[in-house]
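So the protein sequences, as listed, match chains G and P.
Under numbering that gives the first Met the number 0, the first sequence has 15 at position 16, and the numbering climbs by one with no breaks.
Under numbering that gives the first Met the number 0, the second sequence has 66 at position 67, and the numbering climbs by one with no breaks.
Hints were generated in silico from the structure; no laboratory data involved.
Honestly, I wouldn't trust all of these hints.
Straight-line distance between alpha carbons at most 27 angstroms, and here's what the computed DSSO-like set of lysine-lysine pairs gives [said to hold, decoys possible]: (1) P:Lys156 with G:Lys156; (2) P:Lys156 with G:Lys125; (3) G:Lys156 with G:Lys146; (4) G:Lys34 with G:Lys89; (5) G:Lys131 with G:Lys156; (6) G:Lys89 with G:Lys131.
Listed next, the stretches of chain P that the computed footprint assigns to chain G, with coverage defined by at least 3 CB atoms under 8 angstroms from CB atoms of chain G [claimed, not checked]: (7) 81-92; (8) 131-142; (9) 248-262.
Where is the CB? At the ideal position from N, CA and C, for every residue including glycine.
Chain by chain, the residues:
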Amino acid sequence: MSFASSVETPVAATAGAAPIIKLSGVSKWYGTRDKPVHALAETDLDIAPGELVVLLGPSGCGKTTLLRMIGGLLDPTQGRIDISGMELWKNGERQGNAVANLGMVFQDANLFPWLTIEENVALPLKLRGVAKAERQARARELMDLVKITGFERRWPKELSGGMRQRAAIARALSYGPNILLMDEPFGALDAMTRDSMNVELQRIWQETGKTIIVVTHSISEAVFLADRIVLLSPRPGRIDSIHPVPFPRPRGLDVQTSAEFQSLVKTLRHRLAEVE
Amino acid sequence: MTDALATPAERTSRTRYLPWITTPALVLLLVLVWHYYTVISGISAFILPSPLKVWQVWVGMLYSPRAWSHTLTTIASTLLGFFFGMLVGVGLGLVIGRIRWLEVTLNPFIVATQVVPKVALIPLFVVWFGFGMTPKVLVAAVLSFFPILTNTVLGVKSVESGHRDVMTSINATRLQTFLQLDLRNALPYIITGMEVGVVLAIIGTIVGEYLGGSAGLGYMLVSEMNSYQTDGLFAVIIHMTILGFVFYFATGLLRRFMIPWHQSAHA
Ligand SMILES: Nc1ncnc2c1ncn2[C@@H]1O[C@H](COP(=O)(O)OP(=O)(O)OP(=O)(O)O)[C@@H](O)[C@H]1O
Ligand SMILES: [Mg+2]
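Produce the entire structure from the sequences given, and follow the hints as far as they go.
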């Protein structure tokens, strides 16, 4: 294979620190009316603290399945997931102490229409019994971070798609998880908004030092964002290859025009065409 | 400005104020037609009294303590019946909206309470509870709970799965999810059910009073009929209609206060 040089073994973690997310032999079968669907074959993956990892793959290769299992929304059929050294699933039951380290952002912002933007951002704190003044202050801070200050009292429907997604990110960060899991977070946005949201995401990541996993279909988005790209292949879903992305940070949108960027995009495109 | 140039907001506000003009105009037209028909056709006042006569009788009712006492009786039975209908409708709806097997189990019985001719139940209620308020309250409750129940169930079932995922991912307890998501999501639906329910509660009460008892607007209707006071009959009907409107709009006002975020609150 011509691109073998860029392909590591799937198990390899970034050198040094203990992984903040550790998948060991994780697989998923969906029970359906006819025959069970093998959505994800046994998967091993280590993610280091502070890493920005992108899951890239064709439609139906199990990206969402994998992310939902890591996020505590879906129990694995087999295997073990550790979050900060804590087992996430025990006997099909999610463990609250491990989940507390996770924040999730979905393709749709999923803000509650009956809460104002500020109340949406502060909802997780409300559920944790944080006093009103304190959670308001925290919500304002986060709204500042994601740059939607001034929209505290608005209803979600009064914001643009990009702004709603910013609010969703603020909500996911409100209770201080170390890990942010994002399933095609900007998939519903237009190309221009999407570019600027990716720049913003990089900034938020650098300012907060969170560990972030982003799922995407877009190769250039993956190369722009990632420290490492995990390429998945379908039927059943499994890790095909892992590609480190060496460009220095912070990356500006101009990096996309560089020859190295283009060549990595090309490598990934060819690989994707082969696995599909 | 032509309509094509009007912004959507302008067009909405125009349709919002339209009924303030069209409703009185149409009512006036109807009354005029009614008036001239009674004059021209020379129809007996016993069959169709003139609107003026009905108006006089109705204004007279407003000054009559007896009419007010009947009105209050009807209001009390309606509100009490509606209250119980809400209690059962919302309570049961929230539970069976989330628990599938319970819904399947109870559904035939819930449907049975609706397909049985409810008017036929009234004599039974009278036999059980006498001629007092209880049978009226019961009929009002039985009639009003069903639309509230079905709408509540719909409200709970229509919770978006993405919203559920959010509650799970922020580690919400079941109770928190119920209070912050299921209930809040169901609220607009519940209010819609209430709007239908409150009107049915009035109907239930009045039919109950009509068939057995000695108080309330339904009873007044019977006594006007028995003394061949057609104008009085009309006046009571108008009185009931106004009462129905008041209840309906009062319930509708809940939208503004309880679900200001919802589309329907601005309609
Ligand atoms: N609830 C479910 N029941 C049965 N099969 C499912 C279910 N969810 C997903 N699958 C199947 O599992 C496989 C992986 O689905 P998944 O949604 O994880 O893919 P994906 O990579 O996220 O795709 P996309 O890029 O289109 O979002 C698919 O074949 C899909 O049909
Ligand atoms: Mg997906």
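Exercise. Taking a Cβ-Cβ distance under 8 angstroms as contact, does the region 248-262 of chain P have three or more residues in contact with chain G?
Worked result: holds (count 3)
Problem set entry | Lys156 of chain G paired with Lys146 of chain G [C-alpha distance capped at 27 angstroms] | holds (18 angstroms)
Exercise. Counting residues of the region 81-92 of chain P whose CB is closer than 8 angstroms to a CB in chain G, do you get three or more?
Worked result: Result for this restraint: violated, n = 0.
Exercise. Between Lys131 of chain G and Lys156 of chain G, is the straight-line Cα distance small enough, at 27 angstroms or below?
Worked result: Answer holds: Lys131 of chain G to Lys156 of chain G is near 24 angstroms, not above 27 angstroms.
Problem set entry | 27 angstroms limit on alpha-carbon distance, applied to hinted pair Lys156 of chain P and Lys125 of chain G | holds (25 angstroms)
Exercise. Quick one, are Lys34 of chain G and Lys89 of chain G close enough, alpha carbons at most 27 angstroms?
Worked result: holds (26 angstroms)
Exercise. Are there three or more residues in the region 131-142 of chain P whose C-beta lies closer than 8 angstroms to some C-beta of chain G?
Worked result: The restraint on the region 131-142 of chain P is violated, since only 0 of its residues have a Cβ under 8 angstroms from chain G and three are required.
Exercise. Between Lys156 of chain P and Lys156 of chain G, is the straight-line Cα distance small enough, at 27 angstroms or below?
Worked result: holds (22 angstroms)
For this session: Could you grab the alpha-carbon distance between Lys89 of chain G and Lys131 of chain G and see if it respects the 27 angstroms cut-off?
Result: violated (34 angstroms)
In summary, the numbered hints that this structure violates are 6, 7, 8.
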